[in-house]
Amino acid sequence: MITVENLTKEFKTVTAVENISFNIDYGEIFSFLGPNGAGKTTTIRMLSTLIGPTSGTIRIDGRDPKNDGAYIRSIIGLLTESPGLYEKISAYENLNFFSSFYDMPADKRTSNIEKYLKMFGLWERRDDLAGTYSKGMKQKLALSRALIHDPKILFLDEPTAGLDPASAHMVRNFIKNLKEEQVTVFLCTHNLTEASSLSDRVCFIKRKIIRIASLAELQDHGRNKRIKIIFKDNAERYRTVLEKMEGISGMEIKDNTLSIFVEEPEKSNPVIISELVKNNIDILYVNEIKASLEDIYLELIRDEGTR
Amino acid sequence: MKNSLIIFRKEIKEVIRNKNIWLPILIITIMFSIIMPLIISLVSGSIFEDEDTIKFMTKVFGDVEDPEKVFIGFIIKQFLIFLLMIPAMVPSLIAPASILMEKENNTLEPLLGTPIRTRELLFGKALTAMIPAFVISTINFLILTLVLDVTIYIKMGYIPLPTVEWLIVALILSPILSFLLTMISVIVSSKSTDIRSAQGIGTVIIFPIYLIIGLQIAGFFLINITYLLLACLVFLIFCPILLRIAVRIFDRENILTRWKMKA
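Those sequence lines, one after another, are chains A and B.
So in the working numbering, the last one in the first sequence is 307, and the numbering has no gaps at all.
So in the working numbering, the last one in the second sequence is 1263, and the numbering has no gaps at all.
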């Protein structure tokens, strides 16, 4: 659905994106994660044909944005970082205006406007000026606009920003359901919980791509496998015993809690536990902890920063 | 074309709703098309009772058979220049408002994310500025012609308008000027973040029009067909140059990366 090869974007003195490549399948939810200024928005703008690359190739639904920009824009939905609504016309007029640019029958347009305004709880206030809407309502209206023509690909830049928890939950469920309709979702977010709950794969970017993987693959990687052991007394006392053991790649101690990083938990865990028991160490609790996306993100970005 | 018309329809609704745009246009139209010609026509008789005025008229026009008729002809030439104020003013009020509202609301990015092409967007914006300019200029022209013809006919028994000069201004020079002003406004608006300062271009353009009126009154020259056709030619030369600059500025990438946006 989306193929990107060796994509680079340079502005006058800055390289915003450098030599990135990835593929996104039909119906995949792909999250783009990275710090501010990492090149996320620039990438979205290139993929949605708003700006051209300095070098590299892009194919969206098999088409080249250079030659088929209008076609590509007809099959994508774009939620920009800022809602970008016409504040002096009503919510209904906003959707009616934007939907006019797509090749859809008038009755389909009307029914979609009604469908999304109702879905996001804006139908009752459809005739109010968009400028009178709250931040969350504007975000919902912008999301409705991105969906109004039933796009095959959705580019969502911070879709739940400004939404209350219930609305954010509703939007996340909606994005999950898009998968069943084979809609491809390209998600940019700083909300790592959201990314981990929605994404099939995540891509870490900081000008260059740091890593692309599924959450399971990331959790299965190196220092991301952790065991948490809570002792009856201070864990520092057992440091020497643990340091002698094989298969431990690192450890963190805080009071009576020990976190150890293991390469192969299936192999190492039974050995570690039996060694501790053999040494008459009182263990209150043992648990294997899967690293959160936040832990992985921070580690990858930190590693990238020290390079 | 379809997409340009979608832009045009939306924008024109907003123009109608925005009294900051149509109120100054309405005031100028009433002032220059109705009030001023009425006053001048009403007082023109008494002007020729004053000796100093007759001396001045003789100095400017020489010895003429019918100084009152010459004076009316002179006044019509002044109004001819007033006619240019509307096509200069309307685009310079509408185009900056239309473009800078997009910047203010950050609507350009989602708009450019639809299948619209940038040249369709530019064309739609240009139509929004040029069609009202043409319509209002024409209405202005008709009202002014009617007011002058009726009052002069009542007072002096003849219908002076329209003249060839009058038709050149209304049908050729005004549309060219409104096109030029639209393009200038587009260029200025892309570099500006403030509607008022971008609209200031209208004031700057109107100033030379006042200057022409002043120079005519002072007797430096009188507008004639040759001058008007020359002005049309000069403006026409500038049209493709400014269009090219505006098209280059109205490039998708330029808009998103180089246009000065509101923070």
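Do not take every clue at face value.
Said to hold, decoys possible - Here's a subset of chain A near chain B, in silico, CB distances under 10 Å, partners left out:
{"#": "1", "residue": "M1"}
{"#": "2", "residue": "I2"}
{"#": "3", "residue": "G52"}
{"#": "4", "residue": "Y71"}
{"#": "5", "residue": "L78"}
{"#": "6", "residue": "G84"}
{"#": "7", "residue": "F97"}
{"#": "8", "residue": "S99"}
{"#": "9", "residue": "Y102"}
{"#": "10", "residue": "G131"}
{"#": "11", "residue": "A142"}
{"#": "12", "residue": "A146"}
{"#": "13", "residue": "L215"}
{"#": "14", "residue": "D303"}
No lab work stands behind these hints, which were simulated from the structure alone.
Since we're looking at a predicted model, the values are computed, not measured.
We put the CB at the ideal spot given by N, CA and C, even for glycine.
So, going through the hints one by one against the coordinates:
1. Look at M1/A: its Cβ only gets to about 18 Å from chain B, farther than 10 Å, so that hint breaks.
2. Interface hint at I2/A: violated, since its Cβ lies 16 Å from the closest Cβ of chain B, which is beyond the 10 Å cut-off.
3. About 6 Å separates the beta-carbon of G52/A from the nearest beta-carbon of chain B, less than 10 Å, and the hint is met.
4. Among the interface hints, the one on Y71/A holds; its C-beta lies about 8 Å from the nearest C-beta in chain B, closer than the 10 Å criterion.
5. With a cut of 10 Å, the hint placing L78/A at the interface with chain B holds, because the nearest CB-to-CB distance is about 4 Å.
6. Here the hint on G84/A is kept, as its CB sits about 4 Å from the closest CB of chain B, short of 10 Å.
7. Among the interface hints, the one on F97/A holds; its C-beta lies about 5 Å from the nearest C-beta in chain B, closer than the 10 Å criterion.
8. Because the closest C-beta pair between S99/A and chain B is about 9 Å apart, less than 10 Å, the hint holds.
9. Annotation: interface hint on Y102/A holds; nearest CB of chain B at approximately 7 Å, less than 10 Å.
10. Because the smallest distance between the Cβ of G131/A and any Cβ of chain B comes to about 8 Å, under 10 Å, the interface hint for this residue holds.
11. Look at A142/A: its Cβ gets to within about 7 Å of chain B, closer than 10 Å, so that hint holds up.
12. With 10 Å as the threshold, the beta carbon of A146/A comes within range of chain B, its nearest partner Cβ sitting at about 8 Å, so the hint holds.
13. A distance limit of 10 Å between C-beta atoms decides the matter here; for L215/A the minimum to chain B is near 29 Å, and the interface restraint is violated.
14. Hint on D303/A is violated. Least Cβ distance to chain B is approximately 31 Å, over the 10 Å limit.
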